[in-house]
Amino acid sequence: MKSHDEPLLGVPDEPTSATRSEALVTSIRRLVAGEAYAVLCTQGERQPYGSIVAYAFGDDLSSGTFATPITTRKFRLLVECPQVALVVDNRARFPDDMMRVESVTVTGRAAHLAPGPEREFWAARLITRHPYLESFVAAATTALFCFDAVRFLHVVGFQEVRQWIPPRAG
Amino acid sequence: MDTAARWVIPLADATDEEERFVGSKAARLGALLRAGLRVPSGVCVTTAAYDRFVDDAGLRGKIHMELGRKPFEAMRWEEIWDEALRLRSAFLAAPLPAEVATAIRTALAGLADDEPLAVRSSAVGEDNAGRSFAGLHESVVGVRGVSAVLDAVRVVWASLWSDAALLYRHELGLDPMSSRMAVVVQVVVGADRAGVAFGRDPRTPAADHAVVEAVPGPCSDLVDGTVDPDRWILARATGRVLEWRPGERQETTGARMPLLTRRELDAVLAALHGIESLVGWAPDLEWGLQSDQLTLLQARPITAAADASDPRAQYLRLRPGLRRLRRLAARVAGELIPALDAEGHRLAAEDLDRLDDEGLAHAIEARAATVLRWKDIYRDEFIPFAHGVRQLGRLYNDAVRPVDPYEFVGLLRGEHMIASRRNAAVAALAADVRRQPALHPILRRIAGGLVSAHASGWSASRDEIQHVDGGREFVCSFESVIRDFMDVTYGSERLAAHPGWLLSTVLELASVPTPADHAQFDDCAGFAAAIPAPSAHDLECRLLDAVGPVRHDEAREILALGRLSWRLRDDDTLLVGRLESQLLRALAIAAARMCITGRLRADASVTPAAVPVLAAALRSADVIADLPTPDRPAHPASHRAAEEGSRQLTGQPAGPGLASGLARNIRGPADLALFRAGEILVCDAIQPAMPHLVPLAAAVVERRGGMLIHGAIIARELGIPCVNGVADAVDTVANGEFLIVDGYLGIVTVGTPDFDLERRGSF
Chain A
6 MKSHDEPLLG VPDEPTSATR SEALVTSIRR LVAGEAYAVL CTQGERQPYG SIVAYAFGDD
66 LSSGTFATPI TTRKFRLLVE CPQVALVVDN RARFPDDMMR VESVTVTGRA AHLAPGPERE
126 FWAARLITRH PYLESFVAAA TTALFCFDAV RFLHVVGFQE VRQWIPPRAG
Chain B
50 MDTAARWVIP LADATDEEER FVGSKAARLG ALLRAGLRVP SGVCVTTAAY DRFVDDAGLR
110 GKIHMELGRK PFEAMRWEEI WDEALRLRSA FLAAPLPAEV ATAIRTALAG LADDEPLAVR
170 SSAVGEDNAG RSFAGLHESV VGVRGVSAVL DAVRVVWASL WSDAALLYRH ELGLDPMSSR
230 MAVVVQVVVG ADRAGVAFGR DPRTPAADHA VVEAVPGPCS DLVDGTVDPD RWILARATGR
290 VLEWRPGERQ ETTGARMPLL TRRELDAVLA ALHGIESLVG WAPDLEWGLQ SDQLTLLQAR
350 PITAAADASD PRAQYLRLRP GLRRLRRLAA RVAGELIPAL DAEGHRLAAE DLDRLDDEGL
410 AHAIEARAAT VLRWKDIYRD EFIPFAHGVR QLGRLYNDAV RPVDPYEFVG LLRGEHMIAS
470 RRNAAVAALA ADVRRQPALH PILRRIAGGL VSAHASGWSA SRDEIQHVDG GREFVCSFES
530 VIRDFMDVTY GSERLAAHPG WLLSTVLELA SVPTPADHAQ FDDCAGFAAA IPAPSAHDLE
590 CRLLDAVGPV RHDEAREILA LGRLSWRLRD DDTLLVGRLE SQLLRALAIA AARMCITGRL
650 RADASVTPAA VPVLAAALRS ADVIADLPTP DRPAHPASHR AAEEGSRQLT GQPAGPGLAS
710 GLARNIRGPA DLALFRAGEI LVCDAIQPAM PHLVPLAAAV VERRGGMLIH GAIIARELGI
770 PCVNGVADAV DTVANGEFLI VDGYLGIVTV GTPDFDLERR GSF
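From first to last, the protein sequence lines are chains A and B.
Heads up, the first sequence is in this note's numbering, so the first residue is 6 and it goes up one at a time.
Heads up, the second sequence is in this note's numbering, so the first residue is 50 and it goes up one at a time.
Hints listed in this document are in silico derivations from the structure and should not be mistaken for laboratory results.
It is possible that part of the hints are untrue.
Computed, partial: chain B to chain A, Cβ under 10 Å [as the list claims (entries may be wrong)]:
| # | residue |
| --- | --- |
| 1 | R109 |
| 2 | G110 |
| 3 | M114 |
| 4 | V452 |
| 5 | Y793 |
| 6 | P802 |
| 7 | F804 |
| 8 | R808 |
If the Cβ cut is set under 7 Å, some of the chain B residues that face chain A in the computed set are [stated by the list, open to error]:
| # | residue |
| --- | --- |
| 9 | K111 |
| 10 | L707 |
| 11 | I789 |
| 12 | L794 |
| 13 | I796 |
| 14 | T798 |
| 15 | E807 |
Given the structure is predicted, the values throughout are model-derived calculations rather than measurements.
No residue lacks a Cβ here, since even glycine has one placed at the ideal position from N, Cα and C.
Generate the whole structure from the sequences, applying the supplied hints.
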């Protein structure tokens, strides 16, 4: 695999046009709304690691949430290194047409949420999207994480990559 | 036709053509109504409403999660019941979509003014000539008020996922995921007599006979088998009574008059004929009579359901109603358990060594017959009574609506089961050893020698122990525990015949200061607030508050039955185990005699299967006792291949807590003595021979699943994490492997998570 097969970090934003930007955000929203699961990429002990997770985003897409048991490898890595990526894609919908496959790689930082209002907010968010995870999220050994989505890299048509950096409040 | 917004329709509009929309029961009642037959008025909450409810509440995902946990065939009844309980709780907790609730409310306004209503299932494809779900789905009768009806509709919907319904669908090869449920809500019509009737006798369909059964009071008393009915067999064409059998009912005194007059029988028969000419098949009819007014409650095709081989009958038998539970409680607690206990003591007291060979042969055969008889009783009466605790769970969950569907288990805390008493007695022995340091080294040495020896080894050792300070008292207590609690079998071995196994456990328990301190409990504080478990008294108050004063007596009765059922569920297993142990004792004596005379190899396998061979050999000196040598179980997978293996196993979170430690597989009786404090007990199931090991364990992992099985009960009583229902637990986990047991989530992590292999780059 050549390096340019990967989403390229630092690709400059396209010349801004409000319309194109809105279309990009709309595409990202649609993809995220349509795909309930993502691949969470973690790192630590000089080793990258990937795990499938159920996730939910906040309304403005600048942050999101996922949960994991505290006994897992990904939990240990997340505690060690908060920098994460989340890959959301629809490849399962187009098994024979790669050009229609769409993905978004979200990069950012994840923080473990202690009991309190913020945890309750994100827990409700995750359960609203994944009602069957209610008891999982409530379990004493489940850690809930909130991640800041610093950058979205949206890929269509095999290699067409566009970047969106969500505006941050304050 | 746009069905999407038709959440509720009048029952008279329900047709066969729309059976997928209204279910079979509603479609047939609609046909009867349209034909002008007397059927209680009602409405049908359609499958569209069900779909909308399930989708809006996210219940489909929950159903997939529950049913996808493991292959259906790999699940025991207990696990399926647990799934059904969790789904039922989820259904009850989920709000009805506003427009569906509004539609039901509006429909009820035109139906009844605070009259009692019956809310019944009408599943799609529920009843046809090939199958009948009668009794498997729920009905709620006597419901008053809109709010109660909305609750009852969810209860009925949830019953699509009841254990009995799931098992029956599996039996029929139906995909439960494609099942859908409509609900019929009807006015309850009073009945001084009620019953069922068959257009043709289901036992002899070729004969030109109809059958009518009648009971005093409502039809539910007949359907759930609590009242024995009067029964008529009639000539279909003429209505002539061919046979009448009065029901056996306690309330009757003096000569029994038939419950139905000739005129009333004719009315039922006319209804059968009327329905048959309307629908084209001989019906299975439920009816009620108030004064002389006949009301038809439902009609379905006659199926093989009356056949005793129908699995539905077995599922229904395992779900006793309150009246049957009362009868079972009286019989099990009042007669059977005391008789079983007495039988065990009687057999234990019998001096078999003094019997001649003929007497011993007779004793062996009598004991084998006793074991068989009690196993039948166990299957037919103890197991159904064990379901009493489920009745309690249902009452509690329906009334209290707890977040945790197993909160009711707290009501059972502190019940003094034999297993608890045994654990206390073993703990007391360990405390004795701690108090007498001089005992410890000598017991350790003796235990080492005894582990592979039999009781004879113990006889030689006891004198030595009695010479040490505290030894006499210890021997006395130890032998008392062996006699009272260890007269059980495990893998065709009597625990009582291997005192070294118990002694090893006692010494291990004595080596840890308090039962819980040995376990390496992991800290999950900070991840969720620790909520102290409410006491049994608090939960009882919660239940009584929720049901309200009118139902206090009922709730207290169900609570008492549930507690009794819970306690006896464990005790009966141990007491039947004693009978098996006593059979093995007699067989061992016979085997010893045969060995002395050279008619049996010393390594022969002496199991209950040896009864006929040994009895014959005892009776005739010419007979050689030809018994196989024991199978040496191959214990594969002590260590799994490094390149392939499980890293994380899932099961059911059966005891909350998080702990880690080294795995110890208990595959057979010889493993009992190897168990060390702080290890994770991994086994197929906690057998009656094992509960005294559990206090030593950091956690329990079992293949057998269920929240209410022995292992889960004991682990929760001791506050030890337990994950059960882990497929092939013993074969998957190797002895000595590091495990993390998450009893909150039902996850067992195998091995230490690291990237050593990746770092070494040895690929």
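Hint validation: B/G110 versus chain A, beta carbon distance must be below 10 Å. Holds or violated?
4 Å, holds
Against chain A, run the beta carbon of B/E807 and see if the smallest gap drops under 7 Å.
5 Å, holds
Less than 10 Å between beta-carbons is the criterion; does B/F804 satisfy it with respect to chain A?
4 Å, holds
How about B/L707: closest beta carbon in chain A under 7 Å, or not?
5 Å, holds
Would the stated hint for B/I789 survive a check requiring a Cβ distance to chain A of less than 7 Å?
5 Å, holds
Quick one, is the B/I796 hint okay against chain A at 7 Å, beta carbons?
B/I796 check passes; min Cβ-Cβ to chain A is 6 Å, inside 7 Å.
B/P802 was flagged as interface toward chain A. Is the shortest Cβ-Cβ separation under 10 Å?
Constraint on B/P802 satisfied, holds at 4 Å.
Restraint check, 10 Å cut-off on beta carbons, for B/M114 near chain A:
5 Å, holds
Do the numbers back the hint for B/T798, that is, is its least Cβ distance to chain A under 7 Å?
Holds. Min distance 5 Å.
Does B/V452 meet its interface restraint, that is, does its C-beta lie within less than 10 Å of any C-beta in chain A?
8 Å, holds
Is the interface hint for B/R109 satisfied, with its Cβ closer than 10 Å to some Cβ of chain A?
With a minimum Cβ separation of about 8 Å from chain A (threshold 10 Å), the hint on B/R109 holds.
Interface hint outcome for B/R808 [beta carbon to chain A under 10 Å]:
The hint holds - B/R808 has a Cβ within 10 Å of chain A, the shortest such distance being about 7 Å.
Of the numbered hints stated above, none is contradicted by the structure.
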